[in-house]
Amino acid sequence: MPRYLIRRLGQALLVVAGVIVLTFAVMRLVPGDPAVAYAGPKATAAELAEARRRFGLDDPLPVQLWNYVRDLLHGDWGISLHTRQPVRDDLFQAFPASLELVGAALIIAVAAGIPLGVAAARYKGRLPDLSVRLSSMLAVSVPVFWLALALQTVFASGLGWFPVAGEYDASLDRTSPLHLYTNITAVDALITGNWPILTSTLSHLVLPALVIAAYPAGVVAQMTRAALIEESSRDHARLERALGFGETAVLTRFALRPALNPVLSLIALVFAYSIVNGFLVEAVFNWPGLGRYAADSIRSLDTPAIAGVTLLVAVLYVVANLAVDLLQGVVDPRVRAR
Amino acid sequence: MRWHKRLLAAGAVAAVTLTAAACAGGKVRGAADSTPQPGSSASAADSTFVYVPNLDVVTDWDPASSYSNEIIAMENIYESLTRYNPQTKKAEPRLATSWTTSSDGKKWTFTLREGVKFHTGKPVDAAAAKAAIERTIKEGKGAAYIWGAVKKIKAKDPTTLEFTLKYPAPLDLIASAGYASYIYDTTAASGDLNKWFNEGHDAGSGPYTIDSWQKGQETELTLKAFDDYWGGWNGPHYKKVAYRVTPELTTAWQLLQRGEVSFVQRLNAQLFAQAAGTDTVQTSQTPSFQNLLVLFNTAGGPLKDVRLRQALQKAIDYDGLLAAMKGSGVAASGLVPEGLLGSVSGMTPKQDLAGAEALLKEAGYGPGGKQLELTLTYAQGDSDQELLVTLLSSALDKLNVKLQAKPLQWTTQWDQGKSKDPSKRQDIFVMYWFPDYADAYSWFINVFHSEKDVQFNLSYLKNDAIDKEIDELPALTATDPAAAEKAYADLQNKIINEQAAVAVPYVQNYQRAYAKSVEGYVDNPAYPNVVFVYDLKPGA
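So the sequence lines, in the order shown, correspond to chains A and B. To get this note's numbering, take the position in the first sequence, counting from 1, and add 39. To get this note's numbering, take the position in the second sequence, counting from 1, and add 103.
Read the hints as simulated data drawn from the structure, not as lab findings. There could be a bad hint or two in this list.
[Stated by the list, open to error] One side of the interface only, derived from the structure: several residues of chain A facing chain B at Cβ under 7 Å: (1) 68; (2) 168; (3) 203; (4) 219; (5) 322.
Using N, Cα and C, we set each Cβ at its ideal position, and we do this for glycine too.
Isolated chain A (complex conformation) (with noise of 0.2 Å):
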């Protein structure tokens, strides 16, 4: 185990810094100069050397990647030429609020794709499974974007049932302050009692939560489907059968604990994915998280910003990969002796 988890998190390291020497190179190859989109376009040419200097944009090209890996290792992200805030503040600003949002996309995806992959499994070639297989089709298809206009246009702004837009009233900021441990809004305002935040954040979160779990929950209940399928094929499922278990009983008591272990694999990296396509969700709910500070930044040429949000979701991604392995790894000796 020990020579695995070590080749693991080599490999792991290799990729993070490939993406370090990439979203390098992607700053330095987008055309414009930074000082410029820093200093703004009427700056005198003293300003302009100034912002030069302070981005050592005159060091040559590998000194410049030197002095970015340091700084990176030493939490330094760059200044935001957008915001002219730390890079490493602004996502440790926004990043909690997509991790809330994605956090709660996956509890209503886990919660609803298993018993509908659970469902189609146990009828499976009559209608239930064919409605689940045709919904978890559209779901993983439909595209995100489209998704999240129509239920706010139907759900918010027609029918009223919802908050259009935002991740809580923020009149509540007067009435009931709230205290961060976290920054995750629901889990500060629930650690700390305050009821009137936790409700109005949970009803701003339902829709593009809904929005962002359609993707998973498709997939998850595709998968847990086939899971299924395939573990109550074999002998142990022959034999419960044969001891005059139901074939409900069959699926949910002994097929399902197994099935569910490239279920659990497979969100995890859902997670990663999710966070991406929640970028669009959020521009649309007006959801201050990750999406858009990273439409602001693009919009804006915001080169250190964009870094940073790519180097953050790649390390999420390869975190995630991680830990999927080494779950693996841990469950099955198999995949330890590759």
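Assemble chain B onto chain A, guided by the hints.
Chain B alone, transformed into the frame defined by chain A:
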């Protein structure tokens, strides 16, 4: 619990703990007082004006260097000596109640309003105003260059501020600028003032002061009434202002429709039309001070021939473009937008393909002649500019002119335009221009005055007679506005008609949508996107 599940659970706990450790600090979001929502049961006098911008509000809180979108809040927090009125085309009193200028336009004396206080509690007097302007000049950032003419400032007594200038300039207009003209308390912080400002503090004298600022949040900024404001709070006024950042236009429209917000800065043509037909919403359209310039390369390449430049001016389908823009642009007449001293009537251009063909033929090109190949650069992602390019390409195609148009990021487009090697420059450069204060001089000195190193003169016009006339504009504006008006008209004739250095397809139009309950809203293009909230009345 099996141990791999424990590992999973431990991982989840670790993730939350790590986030907490990274982001925590036990800070409090919000403050303990009450903010009523628009349309809530709160009394009108206590209501909140909710402004929906498309972009983040604050980049720089320092009134000396602020030069970005925060103007929408700063103009409600800070005040300048004067404020520009586009109806009268004159500066009007704000912190200064009156002013005089010497006959040569080089000495200006402002009388300050009495009894005005900064939000810090200190009085706004001539010494404080002098200190603020001098700090802005010394910092030299953002739009601080607007004070370039100032040689000396003297606080003669608490209400008299005297400026001595290096050369004549319209200081009343300069003092009305949307950036860098703010009067603020330079003694507000004991340490680094810039740092103090950028922590979210203010030291203005305007009707509102910062209540809370939460960077990155949806409601990024809220302002509250400054009780000691010199204008007083008698009568109906909004007591709070909230800025709710909403990049998605459809979402902004839905928030307005639901009555959750008071004012939407921008909608697209389709949503604006929908807003115009909605009972609970009002709309307004006002031409801005920003126009699109199509600059022709007068110094090199085929367009060195003035006949070809004139042909291009005639080839543009001005009416078709405006129709396709569906109200987001209005016809331009000359270089100077309406509402500024120097704007002229009767210079609205029209497409004339026959005229263009004749000029091309005269120069040896056109249908049946040599094919003319031109390069054009424009802003990537700007749908209005894209529309112009599409229409122009199609019109030129019929005239045997091949247009190679490249959409570029501004910095790339600008770098190419400024290239020291003339052969690398484009034939046509498309860009917007707007003044930093309400003075048409900005177009002429920046875009059409000859430059040793190219900055914004991207038609590369170099004409001594035009330079001389441009140099005389500030003095004329300061001392003889009627003569200035004439000089502006003459210059526009020379630059557009004689030199054909530029075509002006349209002036951008501000299209606002706001709640029916908002009374008294007037768009002032001198302060882009600013709503002077104190001037509004919250209706029922």
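Evaluation of the provided hints:
no.	hint	in the structure
1	68	violated (12 Å)
2	168	violated (30 Å)
3	203	holds (5 Å)
4	219	holds (5 Å)
5	322	holds (5 Å)
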